[in-house]
Every structure is written in C-alpha cells, then in structure tokens.
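S.K.: Using the sequences and the hints given, assemble the complete structure.
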Amino acid sequence: MARRKEPKVKKAPAAEAGPRGMWSGTLSFGLVSVPVALFPALRRRPVQLRMLAEDGIPLKREYLCSADNKTLGPDDIVRGYEYADGKYVIVEDRELEALEAEKSNDINLLQFARVQDIDSFYFDRPYYLAPSGGSSKAYRLLARVMEEEGKAGIATFVMREREYLVAIIAAQGLLMAETLRFADEVRQPEDIGVTTRPGENPLLSKALKKLVSSLTKPTVDAREMEDRFARRLMHLVERKKKDRNAAVRFAEEEEQGKIIDLVAVFKERMAKASRRRAA
Amino acid sequence: MTARAIWKGVIRLGRHEVPVQLYAATVDPAVHFRLLHRKDKQPVRQRLVHSETGKEVPRDSARKGAEIDRGVFVRLDEKELAELEPAASRTINVERFVADEALDHEWYDRSYYLGPDGDDKAYGSLVKVLQEEHKEGIARWVMRKKDYIGSLTVRQGVLALVTLRFWDEVVRPAEIESPPSKDLKPAEVKMARQLIVALARPFDPTQFRDEFNMKIRTLIQKKARGGKISLKKIRPKPQPPSLEQALKASLAAARGKGSHG
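In order, the protein sequence lines correspond to chains D and S. Each residue of the first sequence is one higher than the last, beginning at 1 in this note's numbering. Each residue of the second sequence is one higher than the last, beginning at 1001 in this note's numbering.
Calculated from the structure, these hints are not laboratory results. Quick caveat: nothing in here was measured; it's all calculated off a predicted structure. Cβ coordinates follow ideal geometry from the N, Cα and C atoms, glycine included. Only true hints are included.
Beta-carbon label-pair distances, calculated as ranges:
hint, chain 1, residue 1, chain 2, residue 2, range
1, D, Thr216, S, Glu1177, 30 to 38 Å
2, D, Pro218, S, Ala1003, 29 to 37 Å
3, S, Lys1055, D, Thr219, 49 to 57 Å
4, D, Glu102, S, Val1072, 41 to 49 Å
5, S, Asp1028, D, Arg232, 28 to 36 Å
In the DMTMM-like style, the derived pairs of lysine to aspartate or glutamate whose C-alpha atoms are separated by at most 25 Å in a straight line are:
hint, chain 1, residue 1, chain 2, residue 2
6, S, Lys1223, D, Glu95
7, D, Lys217, S, Asp1147
8, D, Lys240, S, Asp1077
9, D, Lys242, S, Glu1085
10, S, Lys1215, S, Asp1028
11, D, Lys137, D, Asp106
12, S, Lys1041, D, Asp85
13, S, Lys1146, S, Glu1169
14, D, Lys206, S, Glu1095
15, S, Lys1121, S, Glu1095
16, S, Lys1185, D, Glu148
M.R.: And the structure:
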C-alpha cells in the first residue's frame, strides 16, 4: 500500500521494476559493501480487473490541464506543492534527488536489532535484496550470520524520492528488506482515545482459554490464507473465456511492467558469482 | 485527540462474541504533491479515454473486464461482478490461533486498534487470554465489500487487528533456492558475528526520522519565499581491499566506539 497517493505519471520504462530491480545500490555494514538490487516480494493478483469501454477495448488515463484543457505528456507535467490557496511551488525531480543523494545509493546498517523485537505494526512492505555484480560472498556471509543471530539490520535509505526506514532480515540464506513505518506513522491507543475498563468475565475467560488451545496450530497454510475473491474471479473468468462475445483482443503498445521471476533472478545472480569465484 | 471509529463489528470465537469498534492505527504524515501543467502551473486533471479512438469515456459508463492473457480481455458485467463480492457482514471470525511471532514480517500489512463496544468484560477476557497464552488469532472478516484476513493481537492492553497478505500474494523465501555457504571461512563468519553483536541495539523506532520529508518541507518553504536552491553532488564510496580486511577494520572501529560509550 503506497502511502504517497498523488497520481503517478508513467515516465521512462527504465524506472519500472525490470530484471534490474526497482532500486540498486550497496548494502554496507561497517566497511564491507555488498552490491545489491531490490525486488518486490509481493505478486500481483493473478487476474487484474481493468476498466473497459463498451466495446471491450481498455480505457487509458489521460492528463489534461484544468485551465486550458490541453492533453499533457509526461514532460509537460511537474510536481507542485500548494503552500497557499491556489499558489504552488514547483519541485523538480533533480531537486528531490539531490536532497539525500548518498542515501539513495546506500543502505548503511549502523545497528542491528532482534528481529522479534520489531513490532508488526511497523512492517510495511517486503522486498528481496539480490546480490548484484562481483562476488556474492559478502552477501552470503551477512545473510548467514544475521539469520543465525536472529538480528535485523536497521537503516534508512531513499528510493524513488521517498525515504524509507528499513529492516534487513535474513531468511533461508536470502536477504529481505522490509520497509518499516516511521514512529510518527504509528499511533498509540491513547492517541486515538481507545479506552478500556478493567475487568473480565471469568467464565468466558475460562472458555476462551480452552478454545484457544484447541484451535492453536504451529503456523498458517495456503488454504486458510487463500484469497477467496481472487478464486471467485478466476472461476468466473474461466467460465466466460469460452464465450466468444465476452473476449476482446487488444494489444497495448505500452508494456505493463514485466512480471519478475524471483527464483530465476536469484539462481542467475548466485550462479554468476560462483562461476567468477571458480575462474 | 480522539479519533472516530471507522467500522463496528463483532469478534466471534466459537460460540462467544466480543463487540468492538475499529480505529486506524497508522497515519500518513508525508508531504503530498499535486501534478501541475509546467507551463501555467495549473493543476492537472485526469480523464478516461478509449485506447483506440482516444475519445473520452465518462467514468460511469466505463465497464469492467479481466485481462486473461496479454492483450486479451474478458468483459464482465455489473451483475457478475456484484456476485463476486463477499456477503456483507459485521463478524470478525477467529478461525485459528498461532503463537505470537509465528508469522514472519512479510505477511503483515496494515494495523487497526479494536476498542470495546458495549461489553467491557468480554473484551477484558479476550485481552487477558491472548496475553497469557501468547497467541495471535487468525481472523477473517468483510469490510467495505472486501475480504480480509488478519492477525488478532494485543498492544498495551488493547485489542488490535493487523491485516495479513494472502498466500499467493507473497513470494516466500522457501520458494527461492538457498545460496551455498560452504566457501565462507570460519574467521570471516566469526568476525561478521562479532561485528553484528557489537552493533546490536534494542529496536527504538523513535530514533529514526524521515529526514527526507523534513528536507522537502524546508525546500518548499525556501522556494515559496523565492530562495535559490543549490544541488549537492554524490561522492563515490572508496572500496576496501578484501572482505576479511574490511571485517577486521570494521570490527576494530565498532569496538572502539562501543568502549567509549
């Protein structure tokens, strides 16, 4: 769930998450630098809903100037901040990039915390870090030791004109980057006036205790975590596929952002690094 | 500051019910921009157009469809889409419990507090049991015509729901082949471990601030007053010679810092 909500204008496709990752830079840890690329750990839903015209051709978004109604291309559009009613300050991309130039190339791990001490309220969005360029040895060393110690590296870095607090967490020899909310994004119960009164219903407590132990399992599985809406949508689409009147073919010029096969990305990057080592 | 509840419901656990009110636990303090036309600084508006003809299509006459293959769309009508929607309900069904910390970070999405709504004692019982047993409930509910799955937990004596991602939405680490670690030298492993231990701190989110956001605010104020902006350049980082030497030097530096407080 992206927190910055203003509409995005698609610019150069190079900024999209290609096989090169949506961010690349170094992960540093003391004087050790590990070149990495960042990939989303979330998939899109298998079937995406789109807005279509009456004849089944997809609709696209167009940008217009509200004053002269001219159609605008990406180069005609700038970011503005309304500092007074109807008055805007224009902020250019290069100005934002220059604000925290170093942080946009480097995730500098200045401290490590116990993974279990990070409250789930802070977790925002998961990514994978894949090694990029050169040897993957420092990457694998860091991943192994962090996992064995149960420690996450904590840092802030800048990606796509936004600063992120991030926890680098190792799992199964891989490094993940979980973006975290900043403290001022998480409210406390007293901030919102949630009040609870002491007291319990002893009979209910006893019954609930019994219920909790009878329904406890070590973890969750695919069936109980299923996206039921996606399944219903998939069924509907399967049924309608055969109906010739329902299907419309329309190839768009614009590539919609390729789906990345993370398994292949890691396989290739790790293999490249070990070949280099053997040479 | 007192926030308004955004939804009301009933937690159902077997035959038992706990009425609750739901409040958002997160806020967004980031600076928000508008898109402007560069030439006249007027706000940009959006419209929908037909991809082939470029003709405007009013939003309420837009239809929906699913892309089943690249460039192949299946039209779905309003009635079919309405049938896909989950049945409206006020019940948060707790179907299962897991130990606190059983779920990894990648599943958690968005958090809400649940305040009591009429039955304080039932609420108190549920808080007490979850705390004493160190358990999280796995719950399903429907809110604003959408299916949710979440973790029912306790924060500072208050019930909370954290929405969870669906199974297929997450690329789990187990799906990716683990890299080898045979070639790591014991000395390197040992030093890396010592370095991590030397840099270990309790996690304190209040230590970190969105400096970028603050700098954006300063930049905006400066520009609004008509001030000039100078752009900084990036300095390339020097590369140390070898992994082992880098670890050694880092360890020495971290320990030096540690001993001086």
